[in-house]
Amino acid sequence: MISTALCASAITAHSAISVTAVGDGTGYDILGDGSATNEATAYRSTGVVKTFDNNGDNVYGTNGVFVFGDGTTNNNGQPFGLNTQVGLTYTSVTSGADVTSVATDPIQGPMDDPTQPIGVTVSDFGFVGFATVPSGGAGNWGEVLEFTITADMPQLFRIGLIAGTQAAANGRWDPTGLRITDGEGNAFASVTGLENAGTGGDGAADRATPNWVFFDVDLDGATSGKFGIETQQRLSTQGGGFTGFTIDAVPEPSTTALLGLGGLALIMRRRK
1 MISTALCASA ITAHSAISVT AVGDGTGYDI LGDGSATNEA TAYRSTGVVK TFDNNGDNVY
61 GTNGVFVFGD GTTNNNGQPF GLNTQVGLTY TSVTSGADVT SVATDPIQGP MDDPTQPIGV
121 TVSDFGFVGF ATVPSGGAGN WGEVLEFTIT ADMPQLFRIG LIAGTQAAAN GRWDPTGLRI
181 TDGEGNAFAS VTGLENAGTG GDGAADRATP NWVFFDVDLD GATSGKFGIE TQQRLSTQGG
241 GFTGFTIDAV PEPSTTALLG LGGLALIMRR RK
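Just so we're aligned, residue 1 is where the sequence shown starts under our numbering, counting upward by one.
Hints were generated in silico from the structure; no laboratory data involved.
Remember, predicted model here, so these are calculated numbers, not experimental data.
Backbone N, C-alpha and C define an ideal beta-carbon position, used for all residues, glycine too.
Any given hint could turn out to be false.
Each pair of labels, with its calculated beta carbon distance range [unchecked claim]: (1) Gly139 to Ser224: 24 to 34 Å; (2) Pro117 to Asp152: 14 to 24 Å; (3) Leu235 to Ala16: 33 to 43 Å.
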């Protein structure tokens with residue numbers, strides 16, 4: 001089981017913005033047989049119930065997806081520029097301070113293709129991981145990506161961070177933690193204590209499971225800002241891999257619901 005440690009800290013530069021860790025991907029299991037019978041492979045399929053779905057559509061990344069990978073296979077040494085960005089019109093993603101191209105082992109298995117329509121189960125997309133190698137060894141944090149937002153960004157959204165993994169038994173490139181910062185190294189929130197996702201085996205049952213960590217973000221009126229995504233180093237000789245992130249906006253209350261609440265308040269006033 002994946003053990004987690006949750007923490008949050010205030011940011012002076014962005015005191016209005018708050019980020020809260022809401023959970024990790026305990027129980028994810030990539031079967032690798034193309035059936036997409038679980039959350040990890042079928043993250044865009046509406047036919048699979050999602051534990052951390054916040055809007056009821058059973059999809060991760062309804063409002064945008066940014067992942068590294070391709071539509072056919074996982075090949076070691078993928079270039080940094082090979083990424084897929086779908087629906088994230090309100091973000092601009094850049095590399096972090098020290099990104100090294102590190103792809104996942106082919107044992108990771110197929111995922112739903114983010115370029116296909118939401119709801120379609122197409123487990124033929126190879127996720128890969130890219131990593132930063134911070135100095136100081138195991139336990140250190142290193143920034144992999146930064147992204148800036150525009151005024152179109154939903155004020156309330158859930159971001160899912162996906163750890164890259166090579167399925168190695170020793171956990172190489174598999175981070176022990178994921179966190180969101182203000183882009184200057186100041187942590188908004190983090191989830192730590194993530195277990196090694198790989199076993200090192202060659203069978204379908206041994207396929208690596210990417211840790212998938214979720215945070216709720218409240219911009220509190222901010223219409224611009226910068227965020228950093230960091231991984232925590234597991235081994236002293238290798239950094240922490242990162243695969244990408246998903247965005248799901250918190251649904252706004254419907255007009256009907258608001259009218260209903262207004263009517264209820266009127267009735268209560270009349271009964272006094």
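Item checked: Hints that the structure is at odds with (numbers, increasing) -> none
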